[in-house]
Structures are given as C-alpha cells and as structure tokens.
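Since the structure of chain F is provided, determine the placement of chain B on it from the hints.
Number of protein chains: 2
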Amino acid sequence: MDIEAIAQERRPRSLAQGLSSLRTCLVKCKDKAVDLGRSIKKLGQDDPRRVIHSLKVGLALTLVSLIYYVRPFYDSYGISGMWAVLTVTVVFEFTVGATLSKGLNRGFATFSAGALGVGAQHLACLFGEEGEPIVLGVLVFLLAGAATFTRFFPRIKARYDYGILIFILTFSMVTVSGYRVEKLLELAHQRLSTIIIGGATCIIVSIFLCPVWAGEDLHKLTILHLEKLAIFLEGFGSEYFQSVNEDKPVISTEEKTFLLGYKSILTSKNMEESLANFARWEPRHGRFQFHHPWKQYLKIGALVRQCAYRIEALNGYLNSDLQAPPTFKKRIQEPCLKITSESSKALTMLASAIKLMTDPSLASLHLHNSEIAVDDLKILLKTTSLEDTELLSIVPAATVASILIQVVKCVEEIYQAVNELSDLANFKSAVKPKVSPEKPQAQLLIHLGVVKPVVNIGGNKGDVVVTVLDDKIPENENNSRANYPDQPL
Amino acid sequence: MDIEAIAQERRPRSLAQGLSSLRTCLVKCKDKAVDLGRSIKKLGQDDPRRVIHSLKVGLALTLVSLIYYVRPFYDSYGISGMWAVLTVTVVFEFTVGATLSKGLNRGFATFSAGALGVGAQHLACLFGEEGEPIVLGVLVFLLAGAATFTRFFPRIKARYDYGILIFILTFSMVTVSGYRVEKLLELAHQRLSTIIIGGATCIIVSIFLCPVWAGEDLHKLTILHLEKLAIFLEGFGSEYFQSVNEDKPVISTEEKTFLLGYKSILTSKNMEESLANFARWEPRHGRFQFHHPWKQYLKIGALVRQCAYRIEALNGYLNSDLQAPPTFKKRIQEPCLKITSESSKALTMLASAIKLMTDPSLASLHLHNSEIAVDDLKILLKTTSLEDTELLSIVPAATVASILIQVVKCVEEIYQAVNELSDLANFKSAVKPKVSPEKPQAQLLIHLGVVKPVVNIGGNKGDVVVTVLDDKIPENENNSRANYPDQPL
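Protein sequences appear in the order of chains F and B.
FYI, in this note's numbering the residues of the first sequence are 1 to 489.
FYI, in this note's numbering the residues of the second sequence are 1 to 489.
By construction, these hints were calculated from the structure, which means they are not laboratory data.
Among the hints, erroneous ones may be present.
Copies of the same chain look alike in the list, so a pair counts if it fits in one copy or across any two.
Said to hold, decoys possible - Simulated pairs of lysine-lysine, BS3-like, Cα-Cα distance not exceeding 30 Å:
id, residue 1, residue 2
1, K330, K378
2, K263, K330
3, K28, K263
4, K28, K269
5, K338, K295
6, K378, K220
7, K299, K355
8, K345, K382
This is chain F alone, in the form it adopts within the complex (with noise of 0.2 Å):
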C-alpha cells in the first residue's frame, strides 16, 4: 500500500519532471551553441589573422593533394604523394618562421637522415641474412638513443628539436624498411621529392598569401609591453593620489582592468623566446633585415618583466587598507606624480620609437624629468619632519616612493636596451646626439625635437645636411617621408 502510494506519486511527477528536464536541457544546449558560436566570433575577431590561417591551411592541403588528382603527377609519384599531404599537415604553422623551421629542419633531417639509413643498411648487409636485423636492430637503438638525448640540450632543443624527431623517424623507417623493400633508393628519392613539394607549399602560400611574421609579431610585442607599463604608471599616480584630490575623477572599474594589462608581461617570456627563435628563420620582410637583432629584443624583455615585478609590488598598495594620512601623501604627491607621469612618457616615447624605427634619444628628455623629480622626492623626504606623524601610517606612501625610485631605475636600463637595439639594428634618425662610426662626416645634429632635413646638397656621404627643428614627427610631407621610408602608415 505505502509502496503503491509512492508509485503512484511518483509517476506523474516524474513525468513532469522527465518534461521539465528536458526543456531544461533544450535551454542548456541552445545557450551552449549560443555561447560557442560567441566565441568561435570572438576568437576570430581578436586576431582575424587565425581565420585566414586556417583558410591557408585548407588551401595548402588542397593544392598537394593535386598530387593525386592529376594523373601525370600521380604516375611519377604513386602512393607517396600522401608524404607530401602529411608534410603540409605537420608543418604548416601560423607563423613564417615557424613553417620555415619546422620546414627546413624537415628537409634537412629527412636527406641526411635517409643517406645514414642507406650507409646503415649497406653496412648492415655485409653480416650475412641472419646478422643483418641484428646489426640494423643496435644501430636504430643506438641512434635513436642517442638522437634523443641530444634534444634535452635546451639550445638544441629550441632549433632543432623538430629535426632530430623527423631525423629518428626516417632513420629507422629507413633502415628498418629496407631490410624488406627492394628499391630503397627508389622510395627515398619519391620520399624526398613529396616532402620538398609539401614544404614548399608550405612555405610558399605562408609567405606570399597574408604572411604572419613571428619577427613582426615579437616587434610588436615589445612595444605593446612597453605601452602597457607606461599606462598602468600614468593610471596609478592618478588612482594613487585620488583620495588626496577628492574634486578630481574617480577612476572607473573599467579603466582599473585597464590598468591590470600589465600583468601579461609577467609570465611573457616564453613567448617572447619561441617568436625570437622563429624570427631568426625568416627572410627579411617588411623593415626588417635578415639578421636583426632578434636577440635585443629578448633583453629588453627581460627588462621590462623586471619593471612589472617592482610595478606588480606597487599595486599591492593601490588598494592596501593600510593608507597614508593625506597630510603626508600630499607632501609627496608632487614629484611622485612627475615620475609617474614623466616614466610613462619615456616609455611610450620608447615604444614609439621601435614603432617607427627611429633613434630612442627623444625619451631621454622625460627620463632626465623623472631623475630630476627622484631627486626632489628624496630631497623632500630628508627635509619632512616627522614629529606629528606615527612612522606606521607612513610607511605605506614611503614605501610606494622607495619603489617608484626603483622603477625609475628599471626605465633608465629599458632606455639603454632600446638605444642598443637602435644602435645594433640601425635604427634611422637625424637625432643623433653622436656621430655614429660608419658616417665620421656624416650629418650636422642638433639635440632634442624631430629634425626635418631642408636642404641635402649634392646627396653624397660625406655632406653636410642643413637641417631646422620640428617638434612633432612630419606625416604629410613627402620630403621627410625619405626619412622614415618604412614607417607603418
């Protein structure tokens, strides 16, 4: 009876529910597809170039399986024409330098890799028929061994760690096969030939369809790094000092996320490295040479990560409970509002000049401002008297200048990092405070400002350029567009 009751009560209920359940699950998917179709838009959005990768993939793949379709081709390479599709596949990546070097090293690996093989095999065939897998059996475990030991060298292992994958693998495919198949040359030639045609239109539709620079994007990079710095420093003078100046602004939320950018440069050296390593593979493009100094570009990284350190140690006392009395942080607002805002401009002025290329000299004007506002700020502390203040309530704001003197110390050495980058790559300026070793006579300079050359007589090496200031950087006139002959515009 108490089973039958429950039974009964239960069926309706669960019918109800089964129903109810199922609506909820219609209403689930509907706003998983939604939610997946938002991000599928998003991801596109914010970085267009993956749709267009992966167009170029789809186009690379369908172009060497030609290989197939076409019967001439077809005849001359059979079945192994799918290297040539398994090439594309695997070495197809979103970057120029890395479908160079996944290229390159899938080459070379594969030619030297397949001479060994065929030397191994002949050495091999000298033990007679029972010595033979034997003798092929030690030498595949000893160069597999050993090949895979050389990849835990991590210079190795940032290069050529893909090469010496492809050279194991064809090594043993090699030898091992070649103990069975009779034309060995025969299939490593067809062999050789798919994955050179496979990489080629790798590298080919990467190059010359809307190619993806790894160098480019490390460029880029670096600036939108220093960018990030100079916006949280100029944000956090404001955001700092605004319980002092309640009549200004209260930052929003927003913008405060906005200030958090600089929290990516934390963990950004991995990037920074594989970009760098895939940079050194690629041709010169754009503005960039062969043999740019990739390797600056890592330094100057490694820079400003330490800058984000001492600047994630300041925002520990954006919103510290612990606050300085007013008195005090009014005292020090001034110069600490100079080095704020005279830092962020070194910095932006730094990353506006590896945008555009030019010599990094122009910083050096807000970064001497933000010494000299250091200078003030600790003449200001020596001189502040503190009877009627309780050290602990000042340590805060003491603490938050002991710091920001430090980050004016981490811009100082950025500045020098970027003036070696300028220096190594060449950058180009008429704002050269020294003449530089390649041009002894070279061009008359005056100190500080934009210089718009006027008159260049006769155009030789050797002449003197008479030059007048200009203190924005010329966009509209065609003279000075020869100054600046690569600038992004």
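Frame of chain F, contents of chain B only:
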C-alpha cells in the same frame, strides 16, 4: 723588387702562421670536445632520467621494428609497419602523461578521421568521375580549415592540439588517397592497427620501465618552489641585518647565488601548466589517484609566484646602495627576523606536508607566530620616535618591513590553498582541527602537534580514538606508519 721582398717576407710568416693557426684550431677543437663531453655529463647527471628516457626510446623503436623483421608480422602488415615506427617516434614523450595524451589523441583522431574520410569518399563517389576530385578538394579545404581554427581555442589547444593535427592529417590522406587506392578499407585497417601497436608499445614501455610521471614532477616542483621561497626568506633575514651584527659570519657569494633560487619561480607558469595538463591523462600511480586535484597545484603555483614577485622586490633592497642607519635597522631587526624565520618555517612545513601528503595544519603555528611578529613590528613602527633621524634614510628599511608584511599575507594565502589541496586530495593525518564531512563522528582531535594513536577501541568508523600529543612525526614506530602509509621512505 718591393713586391718580391714582401712575398719573401710573407712566405715563411704565412707558413709559421699556418702552423700556429692549425695548432690553435686543434687546441680549440680539443677544448670544444672536452666542453661537449662535460655538458653531456652534466646533462645526464642533472637528471639521470634523461639517459633512461633515451634508452627507452631506442628500445621501443627496436621493438616495433620487429614487425619488419619477423616474417608472420610482415606478412600481415606489409609496409604499413612503418606507421608503427612513425607512431613510436612521434608519440614517445618524456613523461607518461605526455605519452598517453599523444598516444590516445593519435589513436582516437586516426579512428574518427579515418571513418569520416571513408564516408567523405563514398559521398564524393556520388558526384561522378568528374565531380569526385572537386568534391573531395572542397571537403578537405573546409574540414582542414575548420579543424585548424579550433586549434586556436586555448582549452582545446592545451589538451587536444595533437589530436586535431592527426585528425586533419588522416582525413586528408584517407579522402585524397581513396581517389586512387582500391582497397581503401584494408589500408585504413592496416594503418589503424599498426598505429595501435606503435602507441601501445610506447605506453607500455613508458609506464612499466622506470616511468616518469608528470603528476609526480608537478608535485615535486610545487614542493621545490615552496622550499626555495623558504630558503630565500631565511637567508634574507640574516643577510639584510648582517651589517648590524658584524660579529656574525657574512654569507658567502655561493650562498648568495643559492638564495636566488627563487628566480626560477617567476617564469614557471608554462611548465606548471603543461605538467598539470599531462598529469590529468595519467592513471593512478604511487600516492596519486586518477582524479588527483592537479588544478589545485596550479592555484598554489600562482600564489607562490605572487609571493616570488614580492620577494623579487625585496631582493632589490638586499644590495641597495641606500642602507638605513644601523640604529634604525637594529630597532626593527627583531620582529623582521622573526617574520622571515617564521614565514620560512611555515613554508618549509607546507612543503613537507605536501611531500608527506599529510595535513598542513602544523604550519599554522609558525604562520601565527609570523602574524604576531607583524603586529610587533607595527607596534614598534607606531612607537618609534623619528625626531633624530631623516625620513629618507629609513625609507629603504621601512620598505623592507612593509614588503615583509605583504609576504606574510602571501604565505597565509598559500597556507589556505595547501589546506584546500589537503581536503581535496584527502591528505592523511591525525591532526585535523575540524571533523571532516565523510566521517561525521570520527576521531576526537587535539590541535597542534602530530597525534600518535595509542588505543583504537573496536576500530569502527564511529569509535573514539584516544590520542596522545607528540611533537615530532614518529618515523620508527610501526604503529604510526599506518597513519602515513604512503610516506616516501
């Protein structure tokens, strides 16, 4: 006459030069060979598992090449055996998790893409002889494009990147070669079975021959990072206040570089993430269940990095030119040293709790002590009169004090996270301050100190365990070993 004289002069010189340059070259070559030998030895000594891994790869390759050497295998697989060789080379990774991830990805991707490819082939057949290659081309283009795009989703990239690559590869190869190959299904079957053989060989060798578990590595890495923080804090205290107590021995340069061990934490994010990703694929091993909360390690890792950023800021004051006057340093020395040593002890305790997989509540005592020291420091700063000192001169020391207070906060957060880990992974211990939900009436517990069970009346779940306090983890008693059944002894 002049030219002859020069030539005569040059000849003997160039001979001598040639000899000397040959000698230099030989010496250089010898030096390089010695260097290479040394770095190979170091690489092997740093982590002997590298040597073992290399041997394992060699072994796995030799094993799968048996498919070629042994007649019955070769008769059934033919040259498809090369897919086994290829699979082993590509799938065999350093850790079990990575090997499993790649192997399973490869297996499933090959299977699903193969099935889809055969379907596409049949679909294309419907469009007649002329339409077939066009339909095939369009299908390959669309599917390869779409699949490549999904590789940009961060979550998919982290776990299934290799699977999607193999999916594109297999789908293209099956659909395209299906156009020419008659026995498509047989080919697909052969390929799949040889891939399964290759993958299984990898997984078996990887798991049963000196396995390297990604999960265990992540576990150890977390412990190492906690220990590195502890070492720095301990060393920082004595190093920073050394000038005050000049009778104490100064820390040597070697020890100073030892202090900087924490620097590797700053950039450890990627490594931790990839280890956690691989760990998720691993079966139960040693002390780790299949669903061990690897994500929590990432949370701990992030907090440890936060702490390392603070420590990086702290380190800037270690060798700073600006040093506070000894009188002031001496005044804050006691609480600061207390903070560093107690935080360091708390971190060491947390590290050993994770190592032994026991409840971390022992660390709370030291954490509590460091919080008391923070309060002492605050009181000290509050009561310090600054009439006779300049604010500027004490700013660095005040900053150090302020950052130390933040470090204690970080350590607190780390403690919370380790506690969560302990709950999630059911770390064993008699020292649980609260009754866990799984054992509502279980063990009556006394706080602080490891508890040694003496009488367990009855032994049922609900029984009360009579306990006595013991300050040390008992290592030599069989009775207590049951409490730490998984101690790495």
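Exercise for review: Up to 30 Å between alpha-carbons, please classify K28 paired with K269: within, between, both or neither.
Suggested key: neither (39 Å within a copy, 34 Å between copies)
**Study point:** Within, between, both or neither, where K345 and K382 count as close if Cα-Cα is 30 Å or less
**Key:** Result: close within a single copy only, 27 Å intra versus 37 Å inter.
Practice item. Measure nothing new, just compare the shortest in-copy and cross-copy C-alpha distances for K330 and K378 to 30 Å and report within, between, both or neither. Key: both (15 Å within a copy, 23 Å between copies)
Practice item. Evaluate K378 and K220 at a C-alpha cut-off of 30 Å and name the case that applies: within, between, both or neither. Key: So K378 and K220 fail the 30 Å test inside a copy (36 Å) and across (45 Å) alike.
Check your understanding: With identical chains treated as interchangeable, where does the CA-CA distance between K28 and K263 reach 30 Å or less: within a copy, between copies, both, or neither?
Key -> neither (34 Å within a copy, 46 Å between copies)
Check your understanding: Taking 30 Å as the upper bound on the Cα-Cα distance, should K338 and K295 be classified as within, between, both, or neither?
Key -> neither (33 Å within a copy, 43 Å between copies)
**Study point:** Homomeric proximity label, K263 with K330: Cα distance no greater than 30 Å
**Key:** within (28 Å within a copy, 36 Å between copies)
Exercise for review: Classify it for me, K299 with K355: is the Cα-Cα distance of at most 30 Å met within a copy, between copies, both or neither?
Suggested key: Result: close within a single copy only, 17 Å intra versus 37 Å inter.
Of the hints listed earlier, those the structure fails to meet are numbers 3, 4, 5, 6, in rising order.
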